[in-house]
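Sequence order for the protein chains is H and P. Numbering of the first sequence is given in my numbering, commencing with residue 1 and proceeding in unit increments. Numbering of the second sequence is given in my numbering, commencing with residue 1 and proceeding in unit increments.
Don't read these hints as lab results, they were simulated from the structure. Misleading hints may appear alongside valid ones.
Over 12 Å on every C-beta distance to chain H, these chain P residues come out as not near it, computed from the model [claimed, not checked]:
(1) Pro5
(2) Phe25
(3) Ala29
(4) Leu47
(5) Ser101
(6) Arg114
(7) Ala116
(8) Ala125
(9) Val154
(10) Leu167
(11) Val223
Calculated pairs, SDA-like style, for lysine to any residue (alpha carbon to alpha carbon, straight line, at most 20 Å) [to be verified]:
(12) H/Lys101 to P/Arg16
(13) H/Lys101 to P/Arg8
(14) H/Lys101 to P/Ser68
(15) H/Lys101 to P/Trp151
(16) H/Lys101 to P/Leu55
(17) H/Lys101 to P/Phe25
(18) H/Lys101 to P/Leu12
(19) H/Lys101 to P/Gly19
(20) P/Lys189 to P/Gly208
(21) H/Lys101 to P/Lys189
(22) H/Lys101 to P/Ala98
(23) H/Lys219 to H/Ser36
(24) H/Lys18 to P/Ser68
These numbers were taken from a predicted model, which means no experiment stands behind them. We put the beta carbon where it would ideally sit given N, CA and C, even for glycine.
Letter by letter, the chains look like this.
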Amino acid sequence: MTGGPAAGTPALEVVGLKKTYRARGGAAVVAVDDLSFAVRPGEIVGLLGPNGAGKTTAMQLALALLDPDAGEARLFGGDPELLGARRRVGYAPDAPLFPRKLTGLQILDLHARLLGFGPVEARRRAERFADQVGLAEPARRPAGTLSRGQAQRLGLALALLGDPDLLLLDEPTAGLDPAAMAAMRELLVAQRAKGTAVLLNSHLLSEVERVCDRVLFLKQGRLLHTHEVRAGQRTLEVRLANAAAISGPLAQAVPEGKSEGDRFRAAVESEDQVPPIIRRLVDAGAEILEARLVGAELEQLYLQIVEGRA
Amino acid sequence: MISWPVARATALEKLRSPGVLAVGFCLVAAAFFGGSGPRQAFSGPALVFLGMLTLFLGAGILSDELDSGHAQLVLLRPLTRAAWVGGRLAGAGGALGAIVSAAWVCAAAGALLRGAAEPWVPSLAILPLAMLWAFGWLSVLAAVGAVLPGWTNVAGAALAVVAWGMLRGGLPVLLRRPELADVLATVGKYLGPQDPLALATRPREGLGPALYDLCWIFGSWLVTVLLFNRRELARRRP
Chain H
1 MTGGPAAGTP ALEVVGLKKT YRARGGAAVV AVDDLSFAVR PGEIVGLLGP
51 NGAGKTTAMQ LALALLDPDA GEARLFGGDP ELLGARRRVG YAPDAPLFPR
101 KLTGLQILDL HARLLGFGPV EARRRAERFA DQVGLAEPAR RPAGTLSRGQ
151 AQRLGLALAL LGDPDLLLLD EPTAGLDPAA MAAMRELLVA QRAKGTAVLL
201 NSHLLSEVER VCDRVLFLKQ GRLLHTHEVR AGQRTLEVRL ANAAAISGPL
251 AQAVPEGKSE GDRFRAAVES EDQVPPIIRR LVDAGAEILE ARLVGAELEQ
301 LYLQIVEGRA
Chain P
1 MISWPVARAT ALEKLRSPGV LAVGFCLVAA AFFGGSGPRQ AFSGPALVFL
51 GMLTLFLGAG ILSDELDSGH AQLVLLRPLT RAAWVGGRLA GAGGALGAIV
101 SAAWVCAAAG ALLRGAAEPW VPSLAILPLA MLWAFGWLSV LAAVGAVLPG
151 WTNVAGAALA VVAWGMLRGG LPVLLRRPEL ADVLATVGKY LGPQDPLALA
201 TRPREGLGPA LYDLCWIFGS WLVTVLLFNR RELARRRP
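With the hints as constraints, model all of the structure from the sequences given.
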């Protein structure tokens, strides 16, 4: 399975979830309020919202780590407590902590065994996934000595360990260096290509925009808006070496586009439209230096929807 | 009932804890120098160290994992809460067994060096019986740890023991009914694991406490699971 959302049973579905905490002093704080959404196989869904919007609580409710006051969560159409469903889920929490005296490899080995792998396969998987997240050497040290970023990567390796069909990642790039963040993006895209459903909670708008198919805007526990990232509202921007020389042929070849200086811009409805336009530009004699999809509107949307700014 | 991968990881973790190792070393040393043979391996100062070792092994036996949030990752695997509790207990029990066995061997070696000879059967029997007693208390700490955070399970259990002791001593005096002392003493025998060490030498006296301790351990595990099943797993954010 590749690309966009697929039909069929959602990997994760939450309906009318509500959760209230008791704050110090006894006041009730509504963390999640009547929240409903679904994540389908081969889809990356982002959760966006300010601190305290209920993003982490929503994930924990979805996994039955918290008991909802109302509503329900379903994993692959069934109860999240079912052991069969849990085998298919990977979860990486924000700022995870691990047994300080065990090494990263021993922790991975423990989880691999809990997933049902034999001792030899468990060790092999532990080493493979530690290597995959760039922890081959640090994973040999006790977990208590790992940095925040390394612990974050270990959490990610644990989430991926069982080749899950559903991944829930809570601020997975927090504490990661730029190279590791880029690797994380590649990994998410690869997971989507495999048909894995991903629910991503992140504060980084650029990251969400680059990998997510859909973004859910949350505030005070409520779902304010659902934004289809890959549908419409995007612009293909191409930088050309010979823009001035071929402006005439370009206007004929791609009439929906517009030249401005050394840039050529065209509105696109989806990523599928990009390759044909590039082909037409090349056929018209364009010497392309750079091409990118611009979607800066997510930040504007965030400010508009969540912060209420015009 | 027991997750062996969890038990293995718990035993490794406990055996790398500096506190457990320090008290374990004291227990081994006390067993080597203290008694006149392996039958006395867990008497006198060694018994105190065995109690301390149990406390160190049982401190935060569940809450360490729950507070850190690792428990929620483990329990998202295809694993029941009962098996996880069983695994944590079995792992701590494994670490206890390793240290107690080392103490027993050292007691036997010390006795041999001093030229003391003891009958083998009672000497060998003392080993599982001492473990049974300590494991009984470990299961109490696990049950308390299912509801209390951090290492407060040790404080909670210690407070309960002290409170019971005060009640036992004070109530007959306060109510001016000395006959209550016997009743409370009898009740007290059933408020925790009993001492089964007599089974090694006096089977008639020791069999009852040993069987009682086995039931106690199972009962504690059951209570721990029931209490733990009512808990939410997610770690509260600071």
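Here's how the hints hold up against the structure:
1. Pro5: violated (4 Å)
2. Phe25: At about 17 Å from chain H, P/Phe25 clears the 12 Å cut-off, so the statement holds.
3. Ala29: holds (23 Å)
4. Leu47: Fine: 27 Å to the nearest Cβ keeps P/Leu47 off the interface.
5. Ser101: Nearest chain H Cβ is 21 Å from P/Ser101, so the label holds.
6. Arg114: holds (37 Å)
7. Ala116: holds (38 Å)
8. Ala125: holds (33 Å)
9. Val154: Per Cβ check, P/Val154 is outside 12 Å of chain H; nearest 19 Å; holds.
10. Leu167: holds (33 Å)
11. Val223: Its Cβ never comes within 12 Å of chain H, the nearest being 21 Å, so this holds.
12. H/Lys101 to P/Arg16: Status holds; Cα separation ~6 Å.
13. H/Lys101 to P/Arg8: holds (13 Å)
14. H/Lys101 to P/Ser68: holds (13 Å)
15. H/Lys101 to P/Trp151: The given pair, whose Cα atoms are some 17 Å apart, holds under the 20 Å limit.
16. H/Lys101 to P/Leu55: holds (19 Å)
17. H/Lys101 to P/Phe25: Satisfied, since the Cα-Cα distance of roughly 19 Å is no more than 20 Å.
18. H/Lys101 to P/Leu12: holds (8 Å)
19. H/Lys101 to P/Gly19: holds (13 Å)
20. P/Lys189 to P/Gly208: holds (12 Å)
21. H/Lys101 to P/Lys189: violated (38 Å)
22. H/Lys101 to P/Ala98: Distance of about 18 Å is within 20 Å: holds.
23. H/Lys219 to H/Ser36: OK: H/Lys219 and H/Ser36 at ~14 Å, within 20 Å.
24. H/Lys18 to P/Ser68: violated (25 Å)
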